[in-house]
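Engineer: Numbering-wise, the numbering used here puts 577 at position 87 of the sequence shown, and it's gapless, one number per residue.
This list has only true hints and no planted wrong ones.
The calculated DSS-like cross-link candidates involving lysine-lysine, where the alpha carbons are at most 25 Å apart (straight line), are:
1. Lys513 with Lys552
2. Lys521 with Lys807
3. Lys704 with Lys678
By construction, these hints were calculated from the structure, which means they are not laboratory data.
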Amino acid sequence: MDYQIVLLPGDGIGPEIVAEAVKVLEAVGKKFGHHFHFETLLMGGCSIDAYGVPLTDEVLEKAKAADAVLLGAVGGKVGNSDWYNRPPKERPEAGLLAIRKGMGLFTNIRPAYLYPELKDRCPLRSDIIGDGFDLVIMRELTGGLYFGERHTEVVDGVRQATDTLVYNENEIRRIAIKAFDIAMKRRKKVSSVDKANVLDSSRLWRAVVEEVAKDYPEVELEHVLVDNAAMQLVKNPGQFDVILTENMFGDILSDEASEVTGSIGMLSSASLGAGKNGLYEPSHGSAPDIAGLSIANPIATILSAAMLLRYSLDLDKEADAVEEAVRKVLHDGYRTPDIYSEGCIKLSTTQMGDRICEAI
491 MDYQIVLLPG DGIGPEIVAE AVKVLEAVGK KFGHHFHFET LLMGGCSIDA YGVPLTDEVL
551 EKAKAADAVL LGAVGGKVGN SDWYNRPPKE RPEAGLLAIR KGMGLFTNIR PAYLYPELKD
611 RCPLRSDIIG DGFDLVIMRE LTGGLYFGER HTEVVDGVRQ ATDTLVYNEN EIRRIAIKAF
671 DIAMKRRKKV SSVDKANVLD SSRLWRAVVE EVAKDYPEVE LEHVLVDNAA MQLVKNPGQF
731 DVILTENMFG DILSDEASEV TGSIGMLSSA SLGAGKNGLY EPSHGSAPDI AGLSIANPIA
791 TILSAAMLLR YSLDLDKEAD AVEEAVRKVL HDGYRTPDIY SEGCIKLSTT QMGDRICEAI
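Whole structure, please, built from the sequences with the hints as guidance.
Structural biologist: Okay, structure coming up:
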């Protein structure tokens with residue numbers, strides 16, 4: 491089979507880690523008889539440098555027409571840069587918000603899995619870790635505070651900023667359905683995170699989620715206030731299966747979940763809409779301080795490529811092969827610097843990609 495993949499390497503370490511994911515996809519294609527056609531385009535700070543905007547209309551249209559999109563990271567440039575001397579809508583991260591909105595990607599799926607080989611990297615005590623944990627955070631991606639009306643003004647001589655949090659029931663229902671669908675394929679539990687004791691938007695969220703839950707009698711539903719959810723993630727992460735939440739809460743909780751896995755360099759993500767096309771990216775940022783040093787961990791991006799195979803291309807065997815290759819490489823003691831421990835074999839970014847390709 492032939493597939494069209496748009497690559498958006500972005501900024502910082504983005505080009506390095508995307509290059510390793512491409513190698514892995516090519517290894518998959520060779521083994522299973524597929525051909526991936528890659529087109530590399532600009533988004534983020536590099537697009538600002540080239541075109542003056544973080545995302546051009548042409549790139550968005552090509553992304554929408556592809557079978558899937560693989561992204562590295564955007565923003566974070568240090569030194570002589572005017573990327574952040576611009577209005578918010580013209581900064582690198584605005585390109586990310588715009589492509590999610592433009593592609594209609596309302597669901598962000600972020601798995602957080604603790605590999606047995608990386609238990610020593612987890613900051614939690616061994617009695618808290620237990621047998622490990624395997625959870626998925628389902629974050630609503632195109633509504634809430636990040637997309638509401640905002641403005642800054644001077645009122646009675648005092649600067650005042652306003653950000654608007656808006657959700658309608660259809661936006662909530664569609665992400666809830668996806669969360670319950672995924673829970674049915676896992677351990678059949680959904681933890682819906684909100685702030686219903688304070689926010690009207692959360693009270694609507696809770697009401698709609700309860701309506702959706704009626705269609706999934708096999709799935710256990712619990713409601714968790716966001717502050718309690720943050721505490722429970724470090725107190726007992728193993729209690730969670732599927733965490734369902736709105737945009738800003740999901741942004742914060744998914745980063746917290748990534749840290750208890752031992753390294754944010756291990757965390758993949760998928761952003762999906764109503765169709766098959768999706769945007770796949772690591773959960774970490776562009777890490778400009780280590781760009782070009784070949785010490786970045788490419789595993790999150792490689793696992794994101796595995797999610798691309800599974801969710802957009804329906805290539806489950808191929809996705810399994812990538813995930814198993816990652817497990818084998820870790821089991822054999824190979825590590826990038828961020829997950830290195832004494833007695834292991836330290837690899838560069840490119841060496842880790844090579845090892846995973848060999849394991850495939």
